[in-house]
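Novice: Listed below, chain by chain, are the residues.
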Amino acid sequence: MSAQATVDLPLSARQPASLGLHRVIRLANWWPALRRLLLAWPFPMAIFVLWSLASHYQWVAPQVLPTPETVLTTFGDLLRNGDLRSNGVISFYRVIAGFGIGAGIGLALGVGMGLSPTFKDYVYPLFKAFAQVPSLGWLPLLMMLVGIDEALKIILVAKAALVPVALNTFKGIETVPTRYIDVAKVYGFSKWQLLAKVVFPSAFPMIWNGVRYGLTHSWLALVAVELLASSEGLGFLIVYGRQLYQMDVVMAAVVVVGAVGYVLDKVLALIEARLLRWRREAF
Amino acid sequence: MTASTINTNLASVNESNRKSPLRYLHPATIPKPLRGWVIPALLLILWWATYRFGWTQSQLFVPISKVWETAVRLSSTGELWQSLAASLARDLVGFVIGSLIGLLVGGALGLSRLLEDLIGPTFHTLKQISLFAWIPLISLWFGLGDAAKVAFLALAAFFPVVLNSFEGIRSVPREYIEVARVFAYSRTQLLTRVVLPAALPSIFTGVYLALIYAWLATLGAEYLLTSGLGIGNLLTDGREHFWMDYVILGVIVVGIVGFLLNWIASRVEARLLRWRGRSVAQF
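From first to last, the protein sequence lines are chains A and B.
With the numbering used here applied, the first sequence corresponds to residues 1 to 283, in that order.
With the numbering used here applied, the second sequence corresponds to residues 284 to 566, in that order.
For reference, chain B alone in the conformation it holds in the complex (with noise of 0.2 angstroms):
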């Protein structure tokens, strides 16, 4: 580890300091768990402290407590849980759709050199392009319904799944293949045996990416094609209405969207890639 190196070149200099009366305000002195606490917690106490001795009279100014008003209430109408279920099944839909295709698409050019020349080329072109670009052809194409939204999502998972299937499958080492002919593997167990094993990985590195585009992209979706319910709308409506505890709330909910997601594809990885820390000590 490097910084923790040049720390102890920095001990050093530190020692002269040790005298000093402020040295308990030293960011070093308080304990590591609470360190990540500090800076939120001073944001926070600004935050109050401004509505609390009135420093400010902006109208876009509002306290916490109103933002926490304002999550009690739309909670129990139920209009944030059900924005927050149409912007997730949508997400889902969307990703499920376009992850399966891309694995469908990314695993063909891996495992044809024939289909890699064919399509490979146009593929990455299209790759070029902006994802949001593809909106408003997607509208004209879908409407601005559902249909698009799922339309849309789905090529936003599509991208990163076919690319790292393909770099996963095209990867997989030769001396795995050539073991497997030993062996006289069909055509399908070198696939089921080999080839998917170890280029799930990869593979897996794409779907991660997918589900967080796809997350990007139901905001993108929801701000766009304006229709229905979603989260995107819950902070489409707060900016136009100057609601900004709306917004406040909304951002807080896309994030801890997109962490949950984050949190669960990890997990998932984890343990279907679980073989792989045992493999070695079987032998």
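Next comes chain A alone, as it looks inside the complex (with noise of 0.2 angstroms):
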């Protein structure tokens, strides 16, 4: 596993020695990334062909797995009439907004118990009492006290994102080393100084984990209550073609829910490693 046997040669390449040895050495320094590109492609292909095999002989009935051309046409119909659109945009706006409160609420939470360990005492037992019940455990009591309207969603969206936000900013503050505080005293920091500029950047990458986790299960949670009681959103377009016995439907709102999951996560990991620059820059 670990013998790898890496082209280790960019020193020897700096040397004028010979041109044609030098582009060899360029050339296995790329190879590496080309055979991946390359390596990624037999599998997929190979499930599409088996599918399209599948589907054009019909081995399992057209119901329960269309063709793919099927699927490809499905998705460009939906994508024109602009069914995917409004309904991504309403799940997009849900899952913003209820992560948004969640995140923020989780944030106050987690630096109030690491700040105060008195806080802490009180709260965080049944903090972790009430993180016990997973989301969905909350859903039937929600849906008997607040119906299945927007704050159905918004609320559940939030307390999935509330949980990893609130616990990994405890767990980030409580876990600043004491040195960083004992050499913060030497230089006689105030209050607003020590939080500001050692405990707070000290803390940011688990707390920023836990954002993203926030977020990751925010779209987890609205995904499934979209498909148990909501009359828009990608959800809820799943769940109507699988009513509708249309399972192109169904896998063209499949692939934009996992798009959209990516996008979320990509652009929380860009703004992480943008707000981390001083991090590279400090060595």
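These are calculated hints, taken from the structure and not from any lab test.
Predicted, not measured: the structure shown is a model, and the values here were computed from it.
For every residue, glycine included, the Cβ atom is placed at its ideal position computed from N, Cα and C.
Heads up, a few of these hints could be off.
To be verified - Per the computed footprint, the stretches of chain A lying under chain B, defined by three or more beta-carbons under 8 angstroms from a beta-carbon of chain B, are:
#1 32–39
#2 42–55
#3 71–79
#4 133–145
#5 221–227
#6 235–244
As the list claims (entries may be wrong) - Simulated crosslink set (DSS-like; lysine-lysine; CA at most 25 angstroms straight-line):
#7 A/K185 <-> A/K197
#8 A/K197 <-> A/K120
#9 A/K266 <-> B/K410
#10 A/K120 <-> A/K185
#11 A/K171 <-> A/K191
#12 A/K171 <-> A/K197
#13 A/K120 <-> B/K315
#14 A/K171 <-> A/K266
#15 A/K171 <-> B/K315
#16 A/K191 <-> A/K120
#17 A/K171 <-> A/K185
#18 B/K410 <-> A/K128
Join the two chains into one complex using the hints; note that each chain is given alone, in its own frame.
Specialist: Right under this line is the structure:
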């Protein structure tokens, strides 16, 4: 596994010994990337071919497995008539609103528990008990209390984001190394300086991890609620297709669900990379 | 610890409040072990008082005693235990199948770069699809019965196990492998004595996550594939008939099960990884 024969010659490449060798090494340097690119395709292609064959020769009923062309056509149709976009926008709005609320409360709770042991003593046990019940466990209770309107989705999505954000913020602040605080004291930092210049920068990576988890969980929870109780949104589109036995609609919507989840996580990863640039600059 | 440092700063502020007769009500005067019980106790008192003094006429409001009566009734008729057993059995079977397949796939991806290049990209793409979006597809392919539920649970457990066992194997330090080479370990020895123990903590993280996801998925599967017994069905029944006592009981049971699963997993993990704590002391 580790004995990967990586071409470890870039140093000699800088010597103008021979132009031919130089070229070969340059090629060897980007060969792994090319190899990865080439090897990524056979497996999905094989599945695709198998899928095409299975649906064309009707090894399984077309209601269960539509042909790839049907799915593509449906995808195009849904894109053109705006179904995909309008439902996607609704889901997107819900996840952002719920996540914003949940992450905000989670951050406040986490900071409170991290900074004040007294607050932690009072709140943490109840918070842990609350976190033991998965988001979906609260769903029936919430449905009875607030109905199946917009509020239900926002609250559930907020809950899904709250728990990981609060937990990671708390742990992140709690595990700030004591040495950092000592140094700050030597410099005579005020309380605000301590928080802004030492505690939060040090806890940030962990907090951000919680934020990313929170967003992933939010998206997961939202799709689940939309599958269960909604008349619009991507989850609803999936249920709708399922009820009409239109697997092409289901598959198209599933693809979009995956894409939105991917984009949401990628955006947070990019923000993280940008915010943490200072870490590399320090050395 | 940040918290204690910041608290010493706060202590000086509190000094001035010492003379106040209200000082006995200050949150810091209640003994530490009792603090976690304060908020839950207040909430319970509020619940009880709401019933006692008739502050609400809402149909949704049920007194604590009613929840308790329902719990006693359902457990004496065995309905609660049957639902619980059905859910747990499903959870366990799906979890075991998913984890085992996940271990195999994760191990294979970790040990072979060729397989990683072939299957990895497809896996990472599929991983993006929100878990519950699979349910409509699974229900068409496997029906609405236990087979579909177990397949869905296995899928929920599969992803975290693959990811973490792959990461675990890939992050085995190169030095370990070199030492094993010096000792002329065979391939099996290398795997069982070096790679597996070094990757075990990460693999365990994956299994742990799988356990949590599988429980979440159990609820989701029971809501969405409504057939047969289960805690999810109990909750759905309660909601449909507006039996708040059923729903509250269900939420509590779901929380307790989640807590117990967590606790068992952390125990097993601590036990299996005990050797790590001692290994330093032996030298």
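Novice: Decide, hint by hint, whether the structure agrees.
Specialist: Hints, one by one, checked against the model:
Coverage of the segment 32–39 of chain A by chain B holds [criterion: at least 3 residues with CB-CB distance below 8 angstroms; count 3]. Beta-carbon proximity to chain B at under 8 angstroms applies to 4 residues in the segment 42–55 of chain A; the threshold of 3 is reached and the given coverage holds. Restraint check on the segment 71–79 of chain A versus chain B: 0 residues with Cβ-Cβ distances below 8 angstroms, three needed, restraint violated. Given a C-beta distance limit of less than 8 angstroms, the hint that chain B covers the segment 133–145 of chain A holds, as 12 residues qualify and 3 suffice.
Counting residues of the segment 221–227 of chain A whose beta-carbon sits less than 8 angstroms from any beta-carbon of chain B gives 3, enough to reach three: the coverage restraint holds. Restraint check on the segment 235–244 of chain A versus chain B: 5 residues with Cβ-Cβ distances below 8 angstroms, three needed, restraint holds. Note on A/K185 and A/K197: the hinted pairing holds, with a Cα-Cα distance of about 12 angstroms set against a maximum of 25 angstroms. Taking the CA atoms of A/K197 and A/K120, the gap is about 23 angstroms. The hint holds against a cut of 25 angstroms.
About 14 angstroms separates the Cα atoms of A/K266 and B/K410, which keeps this hinted pair within 25 angstroms; it holds. The straight-line distance between the Cα atoms of A/K120 and A/K185 is roughly 24 angstroms, inside the 25 angstroms bound, and the hint therefore holds. Restraint check: the Cα-Cα separation between A/K171 and A/K191 comes to about 20 angstroms, which is no more than 25 angstroms; the hinted pair holds. Taking the CA atoms of A/K171 and A/K197, the gap is about 18 angstroms. The hint holds against a cut of 25 angstroms.
Of the pairs offered as hints, the one joining A/K120 and B/K315 holds, with about 10 angstroms between alpha carbons and a cut-off of 25 angstroms not exceeded. About 24 angstroms separates the Cα atoms of A/K171 and A/K266, which keeps this hinted pair within 25 angstroms; it holds. Only pairs whose Cα atoms come within 25 angstroms are accepted, and A/K171 paired with B/K315 is accepted, the gap being roughly 20 angstroms. Using a Cα cut-off of 25 angstroms, the hinted pair A/K191 and A/K120 holds, with the two alpha carbons roughly 19 angstroms apart.
Distance hint between A/K171 and A/K185 is fulfilled; the C-alpha atoms sit about 22 angstroms from each other, no more than 25 angstroms. Restraint check: the Cα-Cα separation between B/K410 and A/K128 comes to about 28 angstroms, which exceeds 25 angstroms; the hinted pair is violated.
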